[in-house]
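Chain by chain, the residues:
Protein chains: 6
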Amino acid sequence: MSESDLVTFGETMLRLSPPDQERLEDAREFEVRAGGAESNVAIAAQRLGTPATWMSKVPETPLGRRTVGELRQHGIDTEVVWSHRGRQGTYYLERAGEPRGTNVIYDRENTAVSTAKARELDLDTIKDARVFFTTGITPALSSTLRDTTASLLKAAREGGTTTAFDFNYRRKLWSPEEAEETMTHLFPGIDVLVIAARDARTVLGFEGDPRQLAHKLGSQYEFETVVVTRGSEGAIGWHDSVVHEQPAYDTDTVSRIGTGDAFTGAFIARRLEGDDVPTALEYAAATAALKRTIPGDVAQVTEEEVEAVVREGGEALSR
Amino acid sequence: MSESDLVTFGETMLRLSPPDQERLEDAREFEVRAGGAESNVAIAAQRLGTPATWMSKVPETPLGRRTVGELRQHGIDTEVVWSHRGRQGTYYLERAGEPRGTNVIYDRENTAVSTAKARELDLDTIKDARVFFTTGITPALSSTLRDTTASLLKAAREGGTTTAFDFNYRRKLWSPEEAEETMTHLFPGIDVLVIAARDARTVLGFEGDPRQLAHKLGSQYEFETVVVTRGSEGAIGWHDSVVHEQPAYDTDTVSRIGTGDAFTGAFIARRLEGDDVPTALEYAAATAALKRTIPGDVAQVTEEEVEAVVREGGEALSR
Amino acid sequence: MSESDLVTFGETMLRLSPPDQERLEDAREFEVRAGGAESNVAIAAQRLGTPATWMSKVPETPLGRRTVGELRQHGIDTEVVWSHRGRQGTYYLERAGEPRGTNVIYDRENTAVSTAKARELDLDTIKDARVFFTTGITPALSSTLRDTTASLLKAAREGGTTTAFDFNYRRKLWSPEEAEETMTHLFPGIDVLVIAARDARTVLGFEGDPRQLAHKLGSQYEFETVVVTRGSEGAIGWHDSVVHEQPAYDTDTVSRIGTGDAFTGAFIARRLEGDDVPTALEYAAATAALKRTIPGDVAQVTEEEVEAVVREGGEALSR
Amino acid sequence: MSESDLVTFGETMLRLSPPDQERLEDAREFEVRAGGAESNVAIAAQRLGTPATWMSKVPETPLGRRTVGELRQHGIDTEVVWSHRGRQGTYYLERAGEPRGTNVIYDRENTAVSTAKARELDLDTIKDARVFFTTGITPALSSTLRDTTASLLKAAREGGTTTAFDFNYRRKLWSPEEAEETMTHLFPGIDVLVIAARDARTVLGFEGDPRQLAHKLGSQYEFETVVVTRGSEGAIGWHDSVVHEQPAYDTDTVSRIGTGDAFTGAFIARRLEGDDVPTALEYAAATAALKRTIPGDVAQVTEEEVEAVVREGGEALSR
Amino acid sequence: MSESDLVTFGETMLRLSPPDQERLEDAREFEVRAGGAESNVAIAAQRLGTPATWMSKVPETPLGRRTVGELRQHGIDTEVVWSHRGRQGTYYLERAGEPRGTNVIYDRENTAVSTAKARELDLDTIKDARVFFTTGITPALSSTLRDTTASLLKAAREGGTTTAFDFNYRRKLWSPEEAEETMTHLFPGIDVLVIAARDARTVLGFEGDPRQLAHKLGSQYEFETVVVTRGSEGAIGWHDSVVHEQPAYDTDTVSRIGTGDAFTGAFIARRLEGDDVPTALEYAAATAALKRTIPGDVAQVTEEEVEAVVREGGEALSR
Amino acid sequence: MSESDLVTFGETMLRLSPPDQERLEDAREFEVRAGGAESNVAIAAQRLGTPATWMSKVPETPLGRRTVGELRQHGIDTEVVWSHRGRQGTYYLERAGEPRGTNVIYDRENTAVSTAKARELDLDTIKDARVFFTTGITPALSSTLRDTTASLLKAAREGGTTTAFDFNYRRKLWSPEEAEETMTHLFPGIDVLVIAARDARTVLGFEGDPRQLAHKLGSQYEFETVVVTRGSEGAIGWHDSVVHEQPAYDTDTVSRIGTGDAFTGAFIARRLEGDDVPTALEYAAATAALKRTIPGDVAQVTEEEVEAVVREGGEALSR
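Residue numbers (full-length UniProt numbering), protein chains in the order written: chain C, 1 to 319; chain X, 1 to 319; chain E, 1 to 319; chain Z, 1 to 319; chain L, 1 to 319; chain V, 1 to 319.
Bear in mind the hints are in silico, worked out from the structure with no lab data behind them. On a predicted model such as this, the values are computed, not experimentally measured, just so you know. Incorrect hints may appear among the rest.
It does not matter which identical chain is used: a pair holds within one copy or between any two.
As the list claims (entries may be wrong) - Straight line, CA to CA, 25 Å or less: simulated SDA-like cross-link-like pairs of lysine to any residue:
no. : residue 1 : residue 2
1   : Lys-172   : Glu-305
2   : Lys-172   : Thr-302
3   : Lys-172   : His-84
4   : Lys-172   : Gly-313
5   : Lys-172   : Thr-115
With these hints in hand, go ahead and build the complete structure from the sequences.
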C-alpha cells in the first residue's frame, strides 16, 4: 500500500503516433508514449510537490509493464492489479493543422481495466489519501467500471477523502444521454468538479456564460468547488458561492493533449498545499501553459518553472 | 491494359530531402519519396473516387520499381514501360523559411522517360479513358517527349477522351520562349487548361486580372474550360464563357509541394462525377487545403475529409 | 473483379516492433509493417511473375487503408470488403537472440476479417483464378471464418480452381485438437498441402521421417501434392507418389519471419509456370533463402535474383 | 524512507553512445541511457522479485532527474540526496568489434555523488534492509566516498544487514595498489564478495585456478560467501568452505555491459528468497545470459524468463 | 602555420540537444553538434570569402577530434594544441517555446582550453593575419585564459593585426562586476568592439539609446569601430564618430543560436573586403537573417545567398 | 596551393544507402556519405600521419560542397576545381548478406569530374608532393580523364614525385579489354602498383599464385614496388625482386567497403615514413582490419590504434 496525498484511478493507454504530421495511412513508424487523464493528473500534482499514486488494472504483458514503467519514470507511485486477461488499451494519434485537424482513433475495447472491480483494488490506499480523483472517462469504459467508479467514490467518502472528478465527456465512448444519466448519479459523491463549459451545455443542458454555468452547477449539485474550463480562454473557479476568473497564458504550443489534466493536477496540488482557489487556479493555468510547450501527454514541469510563469506572468496574460 | 476513367502521363521522380530545414550541404540522411505532377494528379483524383492510371517509362532498376511501388500504395494503377536504358530522375529538396526559401535541385537528365515514344505506350488505355491528363513539364524534358505529348493528345482526341493539361512552366527546364512555342502548338488538342496567372502573363504574354486572363485564354484558344490558379488567393474557373471565382482556404501549412496537383486532380474527379464547374472548384480548393497539411507531394485525403472541409468551410474562407 | 492467376484469402496484420533487439517494455518507437501469411504468399508469387490478388475484409480506417496500401506497393492486386465494424489486427514483435528468443504478442481479436462471410466476398474472382490459397490460420480466427474457409474452398473447386493450403498451426490461436478436427474436415477440398513436419506430428499425430510423413499424408488424404517443410533442413515434395528432397540454402539471416510464405508463394508460381515439382522446390528454396536476407515479412525479390541463386547454388547448398 | 529488502549505493551515469558501431569522432547523435553498477544490481534483483532501493546523491538538474526517472521506470525505488553542486557523471561508449574493440571514455570527475557523506544519507534505510550492496567503483571515485563507503558498511552491520560487495576494479579510476589498500580495509565489513578472477590475481595478488581463488579469499578474509566470476567461462561460488561451479550459458550477445551486475543482482535476490548457493548461481547465470541479449546496461527480464532459461538450460550450457 | 586573413581564438563545445522540443529530462537521444562563438565567427567569415583559422587547445580524444573535424567540414582551417589533460566542454540545449523558453546547461569546467597559455599557441599565425578575433567568453573561462586573452591581443597589436572583440557577457560564467573589470582592462588592446546594448547597460553601466551607447563607448575607449547589437531590432555601427543604423530582416526562424556570430563574422569579412561600415552592416544583417533559417550554431551560407538577401531585401526589412 | 606529402586525384561520390539491410526498393530514407577510392586513400594516409591532399573537379552545388566538406572533416586538404557544369556523382548501396549479396548501383555519368582536364588542375601541387596517387577508376570514367590521368602521371614524374596506382578494375565501368589497353599504356609512368590478384588474372591475363603474379608484374613492367591483394587472405609485396607475404587480420566486419583503400593509404604513409616494405605491409593490414570494424567508406583510425593492432597482432593473425 502506498501512502500518497492524491490517489487517482483510471485507464492509461499506449499512444501510437506517426512522426510530425504524417498520416497514419502512410506511417512506417510510431512514437510510443503512455497517456491517460488520471495518470496525467497524478503526474502534474506530483511535479508540483504532492505525493501521488495512480491505481489501475493492467495486463501482465510487456505492453502493460511498459505503460506502468513510463508512469513511474515521471515520479508517481503505481498501485496496480496485474491481470492475465484483457488487452492493453491503445490509441492512434494523427497530428494535423487546420483544416485537417488532429485525429484520435481509440483501440481500447476489452481492456484489462474495463474488468476492474472495486473488491480487487486496495481501497485503503484511497481511504488514507487526502484526495481521490477520477474522470468521466472511467465509467464510460464498461458497465463494470460504472459500478467501480461509484464504489471508489463511496470508499473515499467513508475514509474522509476529498473526491475530485473531471467530467471529461468523450463522444467516441458514449452518447450525451448515457453520460448525463451516469454522471449525475455520481455527482452526490463528488466534492470538486472540473468540467468544460461545452460539456456543461451539451451533455448536462445548462445554459449561460461560464460564470453562470459554474454557479448553477455548484448550487444545484452542492459541490464544494466547481471549475469550468474554457480552453484558450481560461477557467472559472466557483467556491463558497464565489466565482473566480482565471485567464489562460499565451503559449507557443507544441501539443495541446494533456493540457486540461495538467491544469487539474496542479489545481489539486496547490489546494492540498493550502492555497485558496484563485491562487490554485493561477498555478493551474501556469502549469497548463508549460504543458503546451512539451511534446507528449505529460506535464514534465518543475515547481520552479511554474512559479516563474506565475511570477512573470503579468504581461503574459491573454486577454 | 487498365481501365481507368483518368489516365495521366509524365515523369515521377525520387525526391531526396534532408530532415526538417537542414541544409543539403550538411545532410547525413535524405528522406525518400516519389513525386511528380502527373502521378500526383492521378492520386488526388483516385482518392476522390475516380479510378486513375499513371502511365510512364521507368528504368528496370530498384529505384524505378521503388517509384512505381509508392504510387501503387496510394491506390492508383500504373501502366509502365520498363526500360533497360536511362536513369531514374531524382530531385533534391531543401526546405527553408524566409529569407532562405525552399530550394529544388533537379537531377533529371538522361532519364528513361525522356526517351518514351508514343508507339511504346498503350494508346488504347488512353483512348478508353474518359480524361487524359499531362502537364507542360513533359514536353520540356526532351524533344522526344515533345513529339510524344502531341501524339498522346492526338490519340486521346481520336478515342473521344477529354484532354486536360496543366501548363506548369518550369524555368529550370526551358526558356519562356521555348515553352510558349511548344505549348501553343499543343493548345488546339487540349480541352481543359489549368494555368497559373503568373505563367499566363510571363510566358504567354497575356495581361489583365485573373478573370480577364481566364476569359482571354478561353476565347482565344477555344478551350472548353480554363482554370487560372493564384496560389493562396484561390482560383478562377472559366467555362461556357462564364467566370467562377473560388477563394483558397486558410491552412496550417506543412508542405506546399503538390498543392496545385491536388487541386487539379480533385477538379477533374468532380467534373467526371458530374459536378458543375463552381462545385468542382470548391472540392478542388478543399483538397488543396488538406494537401497543405500533409508532408510529401501527395494528397493522401479521403472523400469524407474533403466533404467535411467543403461543408464546414464557410468561415474558413480566406478573404 | 480482378483477374489473377493466384487468389489468396486471409488476415494481414500491422506488425509493430521496437528497433533492433530492444524490449517492448522499453520501447519509445515501433516500426510498422504489414504482414500476413496469405498476402506474403501472394507477393512472393507475384514477384516471380504470377499475377496475384489478396482478398480480405478490412476496416475502413486509416489503419486498414495503410495495410492495403503497403500490399499494393509490392505489386499485388487487392480485393477488399471494407468494413465499418471490427478492428485492424495488430501484432507486437520483439526480436531477440538466444536464450531470450524472438517473441510475438497477438492483438487480433474482434477484427473485421473475423466476421467475413463467403457471401460478402467476390467468389467469381476465386473461380476465375488458376489457384486459390489460404492457410490454417484463417479458420483459427473465428467460427465464422471456419465456415468461410470451407465455402471458399468449395467455390474454388466449383470453378475448377486448384486449391492450395498451408497448414500453419498456431498454438496461440487454438489447441491441437481443435486444429486437427477443423483441418481434416477441410482436407478433402484441398489439392496442394504445405505442412511443417512438426505440425504433421504434433497436431495430426503422424510418425516417421519427413519422407514418410509426406507419403502418408498424400496417400491417406489423396492430395495431389504435399510439401513437408523442415526449416533450415529443407523440404520434401510428394507428387504422383514420388518423393523429392530439397535442401535449404545457407544464408546470412536478418529475419526468419515470412520464410515459409516466400517458399510457398514461389512454389505455387513456378508450378503455375509449368515447372515440375523438383524444379519448383528449388526455386522455392532459393526464394526463401533470399527472403531471409530481407527485413520484414515480405519476399521483395526479383526473378533474376532467384534464378541467380538457383544457378549458382551448387556450392551454396547446405549439407 | 523506503522499505526494501535490498539497498544499493553508488553512482549512476548517463551513457552517451553513437548508434551501432559508429565512431565517436563521427557521431551526429548519441543514444542516452542511465547506467551504473549499483543501480543495475538493484534492478536485476527487483526484476526477480526482491524490492530494491538505489541510494545516491544526484545533481538537482534535468540530467540528474532524467537519470533517476529512468531507474524508477525499471521498478526500483530511489532514495536520493538532491544536490545543488557537482556534475552529473557521463560516459561515452563506442561499440566495436575486433580488433578495434568497444571503448569507454569516462567524464565523471567533480560529480555530485563524489561529495556524498554518510551523514547526508538515510542510514535507517540501510539498517532496515536485509542486504546492503555497493561496489569497488564507489570508493575509487573520491576520498570522501572512501570514507562514506566504510561508514555505510558499518551502519549496515549495526543494523544486522548483510553486506554484499562487488570488487569491480576499474583501472581508469585508480591503480591496483590504491585499490588493494582501500578494498582490503573494507573487507572485514563485507559478508558476500563478488570478484573477477582477473582482479583477484592482478589487484590482490592471489594465485591459482578460480576454485582456489575463491577458497583462498573466503578463508583469508572470513567472508560468508565468495563468488569468483570468469566471464564467458562461468562463475565459482564458495560458501561454508564448499565450492560450487556454475558454467555460463551460450548467448547471441548484443551487449556485454551490465552482465556482471545482472548476475550479482539475481544472485542476491535468489539468496534472499532462500535458495542455496548453487541454485542462486544458476539463476544468476540465467539472468546474465538474458541480459546479454538486451541492449543497454539493464537486465530488463522477468522471473518467468529466467526460470525458463534455468529449466531448459541443460543443453544450453557452454562447454 | 596557416595563412588566414582572420584568426579567432576560443572554446568550441559539443552541443547535446534532445530532438525538437523534448525535455532533457525525458531524452533518449541527443543531437550532437559543435558550437562556439569564435569558431562560428570564423566560419561565417570564411563562407563570405575570407580565409579563416580557428585556434584553440583541444583534448586529444575522440570528442576533441570530433569537434575539430566538424569545424573543418565548414571550410575553415584549425590550428590546435592537442592536450592530454582537460575535458572537452559540452553544453546541453533544451529548445522550447514560451513560456518555457529555450534553456542551456553548461558542462564546461576543467576543459583543456581553460589551461591554454599564450606560449603554447602559434602567435605568428596571429601576427600574420589581418584580423584577430575573440570574445568575452574566453577570459570568463579561467584566470589562465584571462592572461592568455591579453597576451594574444598584445601579440596581434605587435604584428599590426587588427583586433576585434565581441563582448558576449555570459551570466552563467561570471558576475557583471568581474566581467566589467576584466573587459575594460582589455579594451585598450581592441580595435573593433561588438557589444549587445543590454550588456553595455547592465555590465558597463552606460545609459542612453543604442546610438548613444555606441557613441559613448567609441569615444571613451577610443575604439576604431563599435557595433551595438539589438537582436531583432537590428544594429548600430559607429565609426569615425559617425553612427549608422542597420535594421534586422524578418525571418522564419528555426534557431536563434549563432545569429550574433554570423553577424560579426560577416561584418569582419566584408570590412576585410574593403566595404564601408554601412555596407558591411547590411551584409552582416543578411547573413544573420539566413542563419536564423538554419538549424545548428553555424551560418552555412553562400556569398550568393547573402547577396540575394541584400539585393532583394528592400521590402524584407523589418520596420 | 597546398603542401602535402601525398596528393591523390579522382572522383568522390555521394553514397546513398538504405538503413541496415533494407532493400532500395522499399527505402524511405537514405544514409548519405562521401566515398571514393582516391579520397579514401588520402584520408587513411593522413590518419597515419602523412599530410595529404585530394584533388578533383566538383560541381559548385550544395551536393558538391557537401562532398568536399565531409572529406575535410577527416583531416585532409582539398584542392578543388569548382565547376558550373556536370553532375555530382552518386551511387546507391544496398547491403545484404548471402545469398543476396551487397549491391551497388552507379549514377555517375556526366559528372563534373569526367570533364577535368590537366590544364585546369594545379600541377605544381603534384610536382611538389612526394607521392602522387590515383586509381584505375579514374581513366574508366571518360576519355577526357584517360588523357588527364596520363598527364598527371607525367607531371608527377617531371617533378620527381613517386607515382602510385591502384588498378581497381570496375566491370560496371568498362570491359577487361578496354581496361587492359588503357592501363598497360599507363604502367610505364607508375612506380608503385597495387592490384588485386583477380584483376591480374582476368584483366591482364597473368597466371600463377599471387607470389608469381607479383613477380611477373614487377619484372615485366619494371615497377619499383608491386602489391598484390587477396582480400581476406592477405597481400603480397614485391620490391627489389623480393616477395613479402602479409596475412590479413581476423575481424568482426561491419563494412568491407574501403578496406583496400585503407590498406593502400596506410602502405603509402608508412613507406613515406621510411618503413621497409614488410613493415609497411603490416601497418597496411592492421589499418585495413580496423577499417572493417567501421561503418562507411573511410578509415577513421588513429596511429595509436593501428600500432596496437600491429603490436598485439601475433595471435590475431589469420591462418
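Comparing the hints with the structure gives:
1. Lys-172 / Glu-305: between (35 Å within a copy, 18 Å between copies)
2. Lys-172 / Thr-302: Between copies only: 20 Å across, 33 Å inside.
3. Lys-172 / His-84: Intra 27 Å, inter 14 Å, cutoff 25 Å: inter-copy only.
4. Lys-172 / Gly-313: Classified as between: cross-chain Cα gap 23 Å, same-chain 36 Å, threshold 25 Å.
5. Lys-172 / Thr-115: both (20 Å within a copy, 22 Å between copies)
Violated hints: none; the structure is consistent with every hint.
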